[in-house]
Amino acid sequence: MKIIKSIYLVALSAASLGVVSCGASGENQGLEYAPQMYHSVAYEPLTQIQNEEAGSWLSNREDGKGEFYNSNVHNPHNMNMREPVPNTVPRNQYGMLPYRLKVADLTGADSVQNPIEVSEDVLKEGEHTYMQYCLPCHGPAGQGDGKVGEVIGGVANLTGGAYINLTEGHIFHVITHGKGRMGAHASQITPERRWKIVHYVKQVIQKQ
Amino acid sequence: MSIKRSLLSVPFRFCNMALIFFLLIGINAFAADPEVSDSDEAVKAGESLFNANCKTCHKLDQKFTGPALRGVSDRRDIAWIQSFVKNSQKVIQSGDPTATALFAEFNNTVMPAHQFLSDDDVMNLLSYIEFGGKEEAAATPAEGAAGAATATGGVPSEYLTIILAVLVVVLLLILIVLGLIVSVLTKYLNKQPLEEDDKEFINQKTDLKKVFRSDAFIIIITAIVIALVAKTAIDGLFSVGVQQGYQPTQPIAFSHKLHAGDKEIPCQYCHTGVEIGRSANIPSPNICMNCHMHIQNVEGKEGVSTEIQKIYDAIDNDQPIEWVRVHNLPDLAYFNHSQHVKVGQIECQTCHGPIEEMEVVGQHSALTMGWCIDCHRKTDIQTAGNEYYDKLVQLHAESKSKDALKVKDIGGLECAKCHY
Chain X
1 MKIIKSIYLV ALSAASLGVV SCGASGENQG LEYAPQMYHS VAYEPLTQIQ NEEAGSWLSN
61 REDGKGEFYN SNVHNPHNMN MREPVPNTVP RNQYGMLPYR LKVADLTGAD SVQNPIEVSE
121 DVLKEGEHTY MQYCLPCHGP AGQGDGKVGE VIGGVANLTG GAYINLTEGH IFHVITHGKG
181 RMGAHASQIT PERRWKIVHY VKQVIQKQ
Chain Z
1 MSIKRSLLSV PFRFCNMALI FFLLIGINAF AADPEVSDSD EAVKAGESLF NANCKTCHKL
61 DQKFTGPALR GVSDRRDIAW IQSFVKNSQK VIQSGDPTAT ALFAEFNNTV MPAHQFLSDD
121 DVMNLLSYIE FGGKEEAAAT PAEGAAGAAT ATGGVPSEYL TIILAVLVVV LLLILIVLGL
181 IVSVLTKYLN KQPLEEDDKE FINQKTDLKK VFRSDAFIII ITAIVIALVA KTAIDGLFSV
241 GVQQGYQPTQ PIAFSHKLHA GDKEIPCQYC HTGVEIGRSA NIPSPNICMN CHMHIQNVEG
301 KEGVSTEIQK IYDAIDNDQP IEWVRVHNLP DLAYFNHSQH VKVGQIECQT CHGPIEEMEV
361 VGQHSALTMG WCIDCHRKTD IQTAGNEYYD KLVQLHAESK SKDALKVKDI GGLECAKCHY
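Here the protein sequences come in this chain order: X and Z.
For the record, in the first sequence the residue sitting at position 11 is 11 according to the numbering used here, with numbers rising by one throughout.
For the record, in the second sequence the residue sitting at position 144 is 144 according to the numbering used here, with numbers rising by one throughout.
If you are wondering where the hints come from, they were derived from the structure by calculation, not from laboratory data.
Bear in mind that the values here come from a model prediction, so they are computed numbers and not experimental data.
C-beta atoms are modelled at their ideal positions from N, C-alpha and C, and glycine is treated no differently.
According to the in silico footprint, chain Z covers these stretches of chain X (three or more CB under 8 Å from chain Z): (1) 127 to 140; (2) 149 to 156; (3) 174 to 184.
Chain X on its own, in the form it takes in the complex:
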């Protein structure tokens, strides 16, 4: 009788300890409840499981692969994100075509006009975007005194003489392709946001 009781007790505490280890910490992702509801059947960007065996213990897939296997064999590196089809031209909601001037064509950039009209909202959004993408190097007032800029060095002082008379097209071109020590920011900032930054730089930082 006593033995049976103590066996119960030990089993109960063992079970509770087992349950405790279900939580996540460090490298351990923790136990999933109903894993089939967690993992996407469709291809999903930013997740990619290349191991074909992953989750084969609960798989009922027709192709015989593991339940969690999720990557696209037709893409480079089996990635789920796809690049646009070659030779196609994306046109965004504002009807803008991609910017086509080559990196070295700075004189051509001078004649490009800003397609977005200035308004208070545009300047506000330009400021917001400037503070996210330009401030680390160019500083809050454009004086080239950002915290990252101090380390990189050679950051343009936008209020300074060499930069004050640059055209809007030139500024857009430099944000897009980079120049000197500045890298290209085309992949981070959409064209219309770049044009809004240009407005902000011209109107507020350079006060023109």
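Given chain X, work out where chain Z should sit, using these hints.
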């Protein structure tokens, strides 16, 4: 605080004086072209020109993106300096040997043309370069030290542990004293003439076996054990499917504390999708390269850091960096970053915790449905300046509710908002 500061400032001021004194000796030792004026006006005019045009690439006494400038009027001709400042590329292309050597030494970094500067401007610049900027260099270390001295304050958590320890010691002392009193009293009573009953009562021994076998004891212990086991079991069950605390090692030891904390890079600089799309996005190596084509090691150390080398390898081999995803929502729930960050104007830290203090990122919040709903019940909607909400705010004001318009009032608790 004021006493502290005044006490501290005496030796610092003394330091300043000493530093300036030594630097003044330094100035006298420095050779400058006699044409360069050392008048205060010229230095001042030169300083503003320098800060506007030169500061980001040149330092006076240190090599930076470009060479250190102090002593340049001694090293080169004034005419050479003027033509180089105005259009350095022209001088380099003319085949001038000094200019081409300089250009090569600084990795072919192009110095922009400064044709808007007049000859007088350049002379003022030279005045500042040769005679200016001394006080600044002397003042900064003293200021830094004073700041550090005033920053040290009381730490309350340490006091708390001390108080607890003292309490424990006091309680132990009381226990010892009580035991002593009991033993003294028993000894004293045993010496008195007493009745048999009283004597037995005084000298009775507690029988431990009897206590352990008593029903009350067994019931209490069993109840405690069952309660503890049940509590751990229930807590454990609630943690199933919750990945709070998940903190995987990443392929590159990227520190958010260094980038977002110390260098104050906004989250959106790298997580570019957060305001315009559903996913915040993990940056691709080309975004790293915007800075790391110049920064190759931490804290200005020489050589290439092994972690930064991994970015270069990824770029060279066209091989993606396989970051480990930390935050995983189940496929059954839809979440959109732009809806929360752009429209709702919620700070990243509200859900992701103090990212700017994390060396390795872990999941801060539970990300359970209860956690989402709780926030939807409490959070006011950012209606100001958003015409979309005008009519809703008006209707809400006319309704019985006295609270501000919250997420729950516009369907934030509907199943189909997130599950579809």
